[in-house]
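Following the hints, complete the assembly by docking chain B onto the known chain A.
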Amino acid sequence: MLDDQDRALLRRWQDDPDLSPAQLAEAMGLPAARVSRRIARLQEAGVLTGLRAVIDWRALGYGVEISLRITLEKSAPRAFDEFLAAAREVPEVVEIQTFLGRVDVRLGVIARDLHHWQALWRDRILTLPHLADIEALMTVATVKAEEALPL
Amino acid sequence: MSVEIDETDRAILRILSRDAALGAAQIGARVGLSQPAAWRRIRRLRDSGVLAGRRLELDREKLGLGVTVFLGIKLAAKGRVALEDFERAVSAIREVARVEHMLGLYDYRLRVVARDLADFERVLRRRIMTLPGVGQVEANVLLSEERRPGPL
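The listed protein sequences correspond, in order, to chains A and B. Residue 49 in UniProt numbering sits at position 49 of the first sequence, with consecutive numbering throughout. Residue 135 in UniProt numbering sits at position 135 of the second sequence, with consecutive numbering throughout.
Worth flagging that the hints you see were computed from the coordinates, not collected in a lab. Everything numeric in this text was worked out from a predicted model, so none of it was measured. The beta-carbon is built from N, C-alpha and C at its ideal position, and this holds for glycine as well. Warning: the hint list may mix true and false statements.
[Unchecked claim] Stretch-level coverage of chain A by chain B, calculated; a stretch enters the list once three of its residues show a Cβ under 8 Å from a Cβ in chain B:
hint : stretch
1    : 7-15
2    : 37-51
3    : 89-99
[To be verified] Each pair of labels, with its calculated beta carbon distance range:
hint : chain 1 : residue 1 : chain 2 : residue 2 : range
4    : A       : P150      : B       : L143      : 19 to 27 Å
5    : A       : R11       : B       : G79       : 36 to 44 Å
6    : B       : R43       : A       : E89       : 28 to 36 Å
7    : B       : P149      : A       : G46       : 45 to 53 Å
8    : B       : D85       : A       : M138      : 19 to 27 Å
One chain only, chain A, in its complex shape:
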């Protein structure tokens, strides 16, 4: 189980994930060896599962962000699996979430512009298997994007 120091460490690291373990130790006023040991333990316990780079797709020319709310045709027994496998094949799909509620699946899709989006929509999205209903919303602005969990 996590103790208070684990939580403090994760809180501090979430606030500034660019810190190296040594810098994190310094920021917390703890010996570097102890911080490394705790990080290793959190990894072994499966609490800390990765450290990944965040890519700003806008900087690479992907200016359009679309959220697709999808209901699947669930009469086919493997509808979910087949749909998810096909969605993974579309490079512009950056997020796949499944839900309990009115929506079965949400796909986060990026496109260079609306012209590119139209091509994606017709050639890659509407051709996905087992679609029953699909609705597209466009992200106008991200007001708050806190990756940090409230620990």
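Relative to the frame of chain A, chain B by itself:
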């Protein structure tokens, strides 16, 4: 204005989006570059804003945050002041991890992180439903989530 990147940059981004703890020497070895050459490319990607930082990936359930709910919110009133008031108030709620202004079926999409369903209900009733200008609210409970590498 977008940043031009080549195949080697793409390879570096693919590696870093899986494991951002790797150093320039390890990355260089994987893409066939010397440590200094890899370091220069990584710095260029960072300076140009393509690499926007790192993110810790944590197991929410093991941290006692078992429930994530996405809320679609329609505002009852839609003047500019109404939007600003709502955005300010909703961004201040600790359990609301993400707020996106949307065009389409609803106006805002919120990602809410809670300990369990009872905790979520408390946040929904006390914090969200009392926000200024809230109209219709739709909730979907997250079952699974995966981030894809994207078009690299």
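Hint check:
| no. | hint | in the structure |
| --- | --- | --- |
| 1 | 7-15 | holds (count 3) |
| 2 | 37-51 | holds (count 7) |
| 3 | 89-99 | holds (count 9) |
| 4 | A:P150 <-> B:L143: 19 to 27 Å | holds (21 Å) |
| 5 | A:R11 <-> B:G79: 36 to 44 Å | holds (38 Å) |
| 6 | B:R43 <-> A:E89: 28 to 36 Å | holds (33 Å) |
| 7 | B:P149 <-> A:G46: 45 to 53 Å | violated (22 Å) |
| 8 | B:D85 <-> A:M138: 19 to 27 Å | holds (23 Å) |
Violated hint: 7 only; the structure is consistent with all others.
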